[in-house]
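Student: Protein chains in written order, with UniProt numbering: chain A, 1 to 235; chain B, 1 to 217.
Worth flagging that the hints you see were computed from the coordinates, not collected in a lab. The reader is advised that the hints may include incorrect statements.
What the hints assert, rightly or not - Keeping only pairs whose Cα atoms sit at most 25 Å apart, straight-line, the calculated DSS-like set for lysine-lysine is: (1) Lys117(A) <-> Lys50(B); (2) Lys64(A) <-> Lys7(A); (3) Lys103(B) <-> Lys117(A).
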Amino acid sequence: MAGSGDKVTLLAEWPSPYVHRAQIALELKGVSYEYLEQEVWVNKSELLLKYNPVHKKVPVLIHKGRPICESTIILQYIDEVWAGIGPSILPSDPYERAVARFWASYVDEKWFPSSTKIMKAKTEEEKAEAVEQSLTGLNLLEEAYEKSSKGKPFFGGDNVGYLDIVFGSALCWEKTIEKISGIKLIDETKFPLLAAWAQRFSAITIVKELTPETNKLVEFWKELQAIRNANTSGN
Amino acid sequence: MGVKLLDAWVSPFGQRVRIALAEKGVEYEYVEENLAEKSRLLLESNPVHKKIPVLIHDGNPVCESLIIVEYIDDVWDKKPHLLPAHPYLRAQPRFWADFVDKKIYECGTRLWKLKGEEQAEAKKEMIEILKLLAAELGDKTYFGGDAFGFVDVALVPFTSWFYSYERCAGFSVEAECPEIVAWAKRCMERESVKKTLYDPEKVYEFVCFLKKRYGVE
């Protein structure tokens, strides 16, 4: 049992897929933690500014009083600290680790930004371009899934792994993009493997429990856009 | 099959890999890529990004410089360890290396590519970035403490670009962040760094070539 010195706190924000990643990993390892909702968009909360002065973003994991920032770094930290508990999040083979990290980086730097651009697009042309980029990415990820899973249910094989968590946490936003823009990205006729994987991942109890409802995410997105527009058109 | 590195001489990302391989004493075949005419091997090994560096180990390609450096540290699991064993002590270097990745190259590019107000903004940002790094370094010998490590490898190739940033934007890194310049000098005493980094004048020549190509004056 963890003593108070081993306390785990997560500075969070309910709509953030990056926060969900940390939560999934902590739950998989059976680690109890304190969830603290932060104010991120208008007036950043003091705790956030204290523990993540460089980026001022969530998630921040605080363990034994020390902060760990950046969701993928948090995932690796959780995997390493609670290494003996449950299956490994990262593959044990160095090459497979490098491949998992590569695709996680691809999701974060390319696929997810191009997908959210679909909702941000101001013209039909911009929207079409963003859709094309997102679909190109999904083609690559479909192939990557086939190679990584080797016929098993997850990118990580029999168990949920690093890339499952990184990519899987974005699925609630994929549904939100569909609601807002009418575009179904992970279409089972185009990406049968990914579509099946997405269903499996979303059906996992802990994932189901912490995934926000699409309607709430749609509302959140609209509010966020309003804040962004006010900031740019204001002073 | 061995180790092959697809790279380009001036690339700070490629240099990270070269430094890591040298630190570990790994023998490898260096392949200079012509980025204007990428080889079939490069396009096949990195079909997603089509970029260097790519490390090909026993026929398996590894892409993205920091991922490659961690791979090298994992596979050649001997001294010097670029990342420490303790999870928290691994999380901190990963954070700062990621910070270098997100900030320096993009800001540096704006420094030589832009003029006027935009360049002034980039200069201000670069100084802030370097000051943050200086604060993180503190009075340690290296970012890794006594041992040369992951963040040192991630950042040191950019030190040969400082001269170009200074010439293009009109400031002095030494005046703003003497600790970083002192740290860079210490790193240059290491064989791996000395043999890998190019003379800042040569890098500046390359930047001037890029400026001509992009029509920047």
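Student: Evaluate each hint against the coordinates.
Tutor: To see whether the hints hold, each was checked on the structure:
1. For the hint linking Lys117(A) to Lys50(B), the alpha-carbon distance of about 23 Å falls within 25 Å, and the restraint holds.
2. Restraint check for Lys64(A) and Lys7(A): satisfied, since their Cα atoms lie roughly 6 Å apart, inside the 25 Å limit.
3. For the suggested pair Lys103(B) and Lys117(A), the alpha carbons sit about 22 Å apart, so the restraint of at most 25 Å is met.
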